[in-house]
Amino acid sequence: MLIDDNPTDLFVHERFLFHRKIAHEIIKFISAEDALYYLCEHPDLKEWPDLILLDIQMPVMNGFDFLDQCEKFSQLQKCKIIMLSSSLDFGDINRVKANPYVLALMEKPFDVDELMTLLEMNGVLN
Amino acid sequence: MEEQRIRVLYVDDEENNLLAFRAYFRKKYEVYTAISASEAFRLLESIEMHVIVSDQRMPITSGVEFLETTIEKYPDTIRLLITGQSDIETVIEAINRGQVTKYLQKPWDWEKFTLILDNCSDLYKSKIALKEKNAQLQKTNDELNRFVYSASHDLRSPLMSVLGMVQLAKTDEAMDVAQDYFEIIESNILKLDMYIKNIIDYYRNSRSMEILDNIDFNYLANDVISAVKDQNQDVQIEIETEQEEEFVGDIFRLRIILSNLISNAIKYQNPQAELHKVSVNIKSGAKFATISIADNGIGILNEHIENVFKMFFRTYNATNTQGTGIGLYIVKEALEKIGGNISVVSTPLEGTSFKIVIPNKRS
Numbered sequence: 023m024l025i026d027d028n029p030t031d032l033f034v035h036e037r038f039l040f041h042r043k044i045a046h047e048i049i050k051f052i053s054a055e056d057a058l059y060y061l062c063e064h065p066d067l068k069e070w071p072d073l074i075l076l077d078i079q080m081p082v083m084n085g086f087d088f089l090d091q092c093e094k095f096s097q098l099q100k101c102k103i104i105m106l107s108s109s110l111d112f113g114d115i116n117r118v119k120a121n122p123y124v125l126a127l128m129e130k131p132f133d134v135d136e137l138m139t140l141l142e143m144n145g146v147l148n
Numbered sequence: 008m009e010e011q012r013i014r015v016l017y018v019d020d021e022e023n024n025l026l027a028f029r030a031y032f033r034k035k036y037e038v039y040t041a042i043s044a045s046e047a048f049r050l051l052e053s054i055e056m057h058v059i060v061s062d063q064r065m066p067i068t069s070g071v072e073f074l075e076t077t078i079e080k081y082p083d084t085i086r087l088l089i090t091g092q093s094d095i096e097t098v099i100e101a102i103n104r105g106q107v108t109k110y111l112q113k114p115w116d117w118e119k120f121t122l123i124l125d126n127c128s129d130l131y132k133s134k135i136a137l138k139e140k141n142a143q144l145q146k147t148n149d150e151l152n153r154f155v156y157s158a159s160h161d162l163r164s165p166l167m168s169v170l171g172m173v174q175l176a177k178t179d180e181a182m183d184v185a186q187d188y189f190e191i192i193e194s195n196i197l198k199l200d201m202y203i204k205n206i207i208d209y210y211r212n213s214r215s216m217e218i219l220d221n222i223d224f225n226y227l228a229n230d231v232i233s234a235v236k237d238q239n240q241d242v243q244i245e246i247e248t249e250q251e252e253e254f255v256g257d258i259f260r261l262r263i264i265l266s267n268l269i270s271n272a273i274k275y276q277n278p279q280a281e282l283h284k285v286s287v288n289i290k291s292g293a294k295f296a297t298i299s300i301a302d303n304g305i306g307i308l309n310e311h312i313e314n315v316f317k318m319f320f321r322t323y324n325a326t327n328t329q330g331t332g333i334g335l336y337i338v339k340e341a342l343e344k345i346g347g348n349i350s351v352v353s354t355p356l357e358g359t360s361f362k363i364v365i366p367n368k369r370s
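Chain order of the listed sequences is Y and E. Last residue of the first sequence: 148 in the working numbering, with the numbers rising by one and none dropped. Last residue of the second sequence: 370 in the working numbering, with the numbers rising by one and none dropped.
Some hints here could point you the wrong way.
Stated by the list, open to error - These stretches of chain E come out as covered by chain Y in the derived footprint (C-beta under 8 angstroms, 3 or more residues):
(1) 110-121
(2) 130-140
To be verified - Subject to a maximum C-alpha distance of 30 angstroms in a straight line, what follows is the list of computed DSBU-like cross-link-like pairs (lysine-lysine):
(3) Lys146(E) <-> Lys34(E)
(4) Lys50(Y) <-> Lys177(E)
(5) Lys132(E) <-> Lys204(E)
(6) Lys43(Y) <-> Lys177(E)
(7) Lys344(E) <-> Lys119(Y)
(8) Lys146(E) <-> Lys109(E)
(9) Lys177(E) <-> Lys102(Y)
(10) Lys134(E) <-> Lys119(Y)
(11) Lys119(Y) <-> Lys368(E)
(12) Lys35(E) <-> Lys80(E)
(13) Lys35(E) <-> Lys134(E)
(14) Lys198(E) <-> Lys339(E)
(15) Lys134(E) <-> Lys198(E)
Unchecked claim - Reference excerpt, derived from the structure (chain Y facing chain E, CB under 8 angstroms, subset only):
(16) Thr30
(17) Asp31
(18) Ser108
(19) Ser109
(20) Lys130
(21) Thr139
Please keep in mind that the hints were generated in silico from the structure rather than gathered at the bench. Just so you know, even glycine gets a beta-carbon here, dropped at the ideal spot from N, CA and C.
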């Protein structure tokens, strides 16, 4: 699942994941609220993503707000989350480290090799 | 405080003086009078006075005692005391304790009074003007901070999107024909991004206090180098660190300093050299750390050495790799903030060596 308010980034990330065969099914959301709505409407664990690429800086509801909202869902345990940012803010880095659901914070545009290594290390790729 | 008339309060236990004062000054100033300290208090409760003139010799509460009570509520008001000959000791003490700004001795004439009152009025106006300037400055500062954050995201966000597209295109086999174009586009984007990052670093550096942390120089050096390695692959970088003791410093600024210096060393290579080398040598001790960054690049001309730390100073060089002109300036500013210093030695066409010394902030 890709969540990003920037349509170009959504496109690029989708292509990267596709190209490297990291994901066989990709759903994109242009806002955190849309993603949240989808998750509420699909409580079945099968419909929840294995991997979420979550942008931090988004209007109205940002990445961290989205996580706060998701935490009440037990299905979240299934998801590995990677947060993305176009600016490396030390405050954000610390917040990410403190959050148990998030694997890492990566700077956009992310290095695909780095992403693959991270996913392999965390047993997401199989 | 543009054209507002200065409000003057005159306190005196002699009615005649009050009347004469009002008659004389009411055209120039907004005059209020009170026959006693307690009447003056009542007035002050509802009206703010800019200048308060008080006679010293009053029953119950003296001039000095009264003026002292106005300090807390009206710290900016100018206080003028009217004294008799024998009050000098009291006056001097009052002035030194800040209760009174100026004094006027009896017997006085109206000219003298006018002069001193005008003086007080000017003093008040300049105090207020200063306050306003400071508030304006604070506002500008806050706006600047907001701009830095905005620049950090709004400028870089679309830039990073474009970079992502370029990198995507590079991996697409159908795009093989255009690979050269993509390389150029990518390098220009990275250059622009470097400039934006530099600007952000500069403003972040100029406003924030030191953030102290334990420093592992080996880790820091390797981290910085891996971040800048993409710039130029065929440079051999050697790192040597000697750190025996705990070192406490501002990791954020140290990172800026190191990455600018190393980045420069990589950038200003000598195209005629067979092997491009950059060596980073760090020796850290209990009191300070010495870091040397040396390269075998094109060097700096003697007449330029004085200027390299100046803002926007750039040199034209053989490989035509343009710098931003801000890098070394930021390094110098950052060093100043943490109490370090920098020196440079260079021979054109042979190489340059920068040496910085930074204090260990371990308490």
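Each hint, compared with the structure:
Interface restraint, the region 110-121 of chain E with chain Y: violated (0 residues with C-beta to C-beta distance below 8 angstroms; minimum three). For a cut-off of 8 angstroms, the count of residues in the region 130-140 of chain E with a CB near a CB of chain Y stands at 0, and the three-residue condition is violated. For the suggested pair Lys146(E) and Lys34(E), the alpha carbons sit about 37 angstroms apart, so the restraint of at most 30 angstroms is broken. About 23 angstroms separates the Cα atoms of Lys50(Y) and Lys177(E), which keeps this hinted pair within 30 angstroms; it holds.
A hinted pair counts as satisfied when its Cα atoms are at most 30 angstroms apart, and Lys132(E) with Lys204(E) does not qualify at roughly 43 angstroms. Simply put, Lys43(Y) and Lys177(E) have alpha-carbon atoms about 17 angstroms apart, close enough for the 30 angstroms limit, and the pair holds. Between Lys344(E) and Lys119(Y) the alpha-carbon distance is near 29 angstroms, which keeps this suggested pair within the 30 angstroms criterion. Only pairs whose Cα atoms come within 30 angstroms are accepted, and Lys146(E) paired with Lys109(E) is rejected, the gap being roughly 33 angstroms.
For a cut-off of 30 angstroms, the pair hint linking Lys177(E) to Lys102(Y) stands: about 28 angstroms separates their Cα positions. For the hint pairing Lys134(E) with Lys119(Y), the CA-to-CA distance comes to about 49 angstroms; that exceeds 30 angstroms, so the pair is violated. Between Lys119(Y) and Lys368(E), the direct Cα distance comes to roughly 27 angstroms. Compliance with the 30 angstroms bound is thereby established for this hinted pair. Between Lys35(E) and Lys80(E) the alpha-carbon distance is near 25 angstroms, which keeps this suggested pair within the 30 angstroms criterion.
As the CA atoms of Lys35(E) and Lys134(E) are separated by approximately 20 angstroms, the hinted pair is consistent with the 30 angstroms bound. Straight-line distance between C-alpha atoms of Lys198(E) and Lys339(E) comes to about 22 angstroms, which keeps the hinted pair within the 30 angstroms bound. Straight-line distance between C-alpha atoms of Lys134(E) and Lys198(E) comes to about 48 angstroms, which puts the hinted pair past the 30 angstroms bound. Because the beta carbon of Thr30(Y) sits about 4 angstroms from the nearest beta carbon in chain E, less than 8 angstroms, this interface hint is met.
With a least beta-carbon distance of about 5 angstroms to chain E, the hint placing Asp31(Y) at the interface is held under the 8 angstroms criterion. The interface hint given for Ser108(Y) holds, since its Cβ lies 4 angstroms from the closest Cβ of chain E, which is under the 8 angstroms cut-off. About 4 angstroms separates the beta-carbon of Ser109(Y) from the nearest beta-carbon of chain E, less than 8 angstroms, and the hint is met. This hint holds: Lys130(Y) has a C-beta 5 angstroms from the nearest C-beta of chain E, less than the 8 angstroms allowed.
Annotation: interface hint on Thr139(Y) violated; nearest CB of chain E at approximately 14 angstroms, more than 8 angstroms.
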